[in-house]
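What follows is each chain in one-letter form.
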Amino acid sequence: SAVISQKPSRDICQRGTSLTIQCQVDSQVTMMFWYRQQPGQSLTLIATANQGSEATYESGFVIDKFPISRPNLTFSTLTVSNMSPEDSSIYLCSVWDNYNEQFFGPGTRLTVL
Amino acid sequence: SQQGEEDPQALSIQEGENATMNCSYKTSINNLQWYRQNSGRGLVHLILIRSNEREKHSGRLRVTLDTSKKSSSLLITASRAADTASYFCATDGGYNAGNMLTFGGGTRLMVKP
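The listed protein sequences derive, respectively, from chains A and B.
For the first sequence, position 66 (counting from the first letter as 1) is numbered 66 according to our numbering, and the numbering increases by one without interruption.
For the second sequence, position 47 (counting from the first letter as 1) is numbered 47 according to our numbering, and the numbering increases by one without interruption.
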């Protein structure tokens, strides 16, 4: 199984600022996914990030608010821009392995004041 | 939008008892996966069951899949206090559906010592 790390593990940010979350995988993967989990809720897919192409965003999520970079096959970043308290969530990245199992990073817990 | 619906939403049992969680979904799937999440941390992959499989076991975990009823169940036998967590099912429609997961709402399990 893939080993995934995320930075930071948690952060407290002020309204109007931006935070970039990093996701590092210990092996090369084609597709990486970013999810959001709002307090007490299940996970919602934000976007799919493929190396060498623009990220594909799900309904309700836009690139201006959640720009994503995918510079190589082991790394991706998600930026939460112009934050508001409604952006307080856990943000998780995930990857598929060769057996169609999807593994998740430990998550980044974001609190916006 | 969430495809899966899980019930119960919350379950409280005594240590040693069995816990059963159910997941229903709406559209055809390629695979169904179960995850555990402890106290808002990252997701731990438990089991993947493919659409052509009916039952899988892993230790104290037993997963069933009934594609005719579009439902799955997760059974945890001889539960322990350490099993206290939220459990999520997630479905994927395969490559043609972008390989993305759609999560159910989750079941919060509490195992009392």
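No lab work stands behind these hints, which were simulated from the structure alone.
Every residue, glycine too, gets a C-beta built ideally from N, C-alpha and C.
Possibly wrong hints are sitting among the right ones.
Calculated Cβ distances over 10 Å to all of chain B for the following chain A residues [unchecked claim]:
| no. | residue |
| --- | --- |
| 1 | Lys65 |
| 2 | Thr74 |
| 3 | Ser84 |
| 4 | Glu101 |
| 5 | Gln102 |
Chain A regions said to be covered by chain B (calculated; three or more residues, Cβ under 8 Å) [unchecked claim]:
| no. | region |
| --- | --- |
| 6 | 15 to 28 |
| 7 | 40 to 46 |
| 8 | 103 to 110 |
Legend entry - Lys65(A) non-interfacial with respect to chain B [C-beta, more than 10 Å]: Holds, since 19 Å exceeds 10 Å.
Legend entry - Outcome, coverage hint (the region 15 to 28 of chain A, chain B; C-beta under 8 Å; three residues): violated (count 0)
Legend entry - Assertion that chain B covers the region 103 to 110 of chain A - criterion: three or more residues, beta-carbon distance below 8 Å: holds (count 6)
Inset, instruction - Classify the label on Glu101(A) as holds or violated, using whether its beta-carbon is more than 10 Å from each beta-carbon of chain B. - result: 5 Å, violated
Inset, instruction - Quick one: see if chain B covers the region 40 to 46 of chain A, three-plus residues with Cβ-Cβ under 8 Å. - result: holds (count 5)
Legend entry - No chain B beta carbon within 10 Å of Ser84(A)'s: Holds, because the least Cβ-Cβ distance between Ser84(A) and chain B comes to about 20 Å, which exceeds 10 Å.
Legend entry - Outside-interface status for Thr74(A) - nearest CB in chain B farther than 10 Å: The claim stands: Thr74(A) keeps its Cβ more than 10 Å from every Cβ of chain B (closest is about 18 Å).
Legend entry - 10 Å Cβ clearance of Gln102(A) from chain B: 6 Å, violated
Hint violations for this structure: numbers 4, 5, 6, all remaining hints satisfied.
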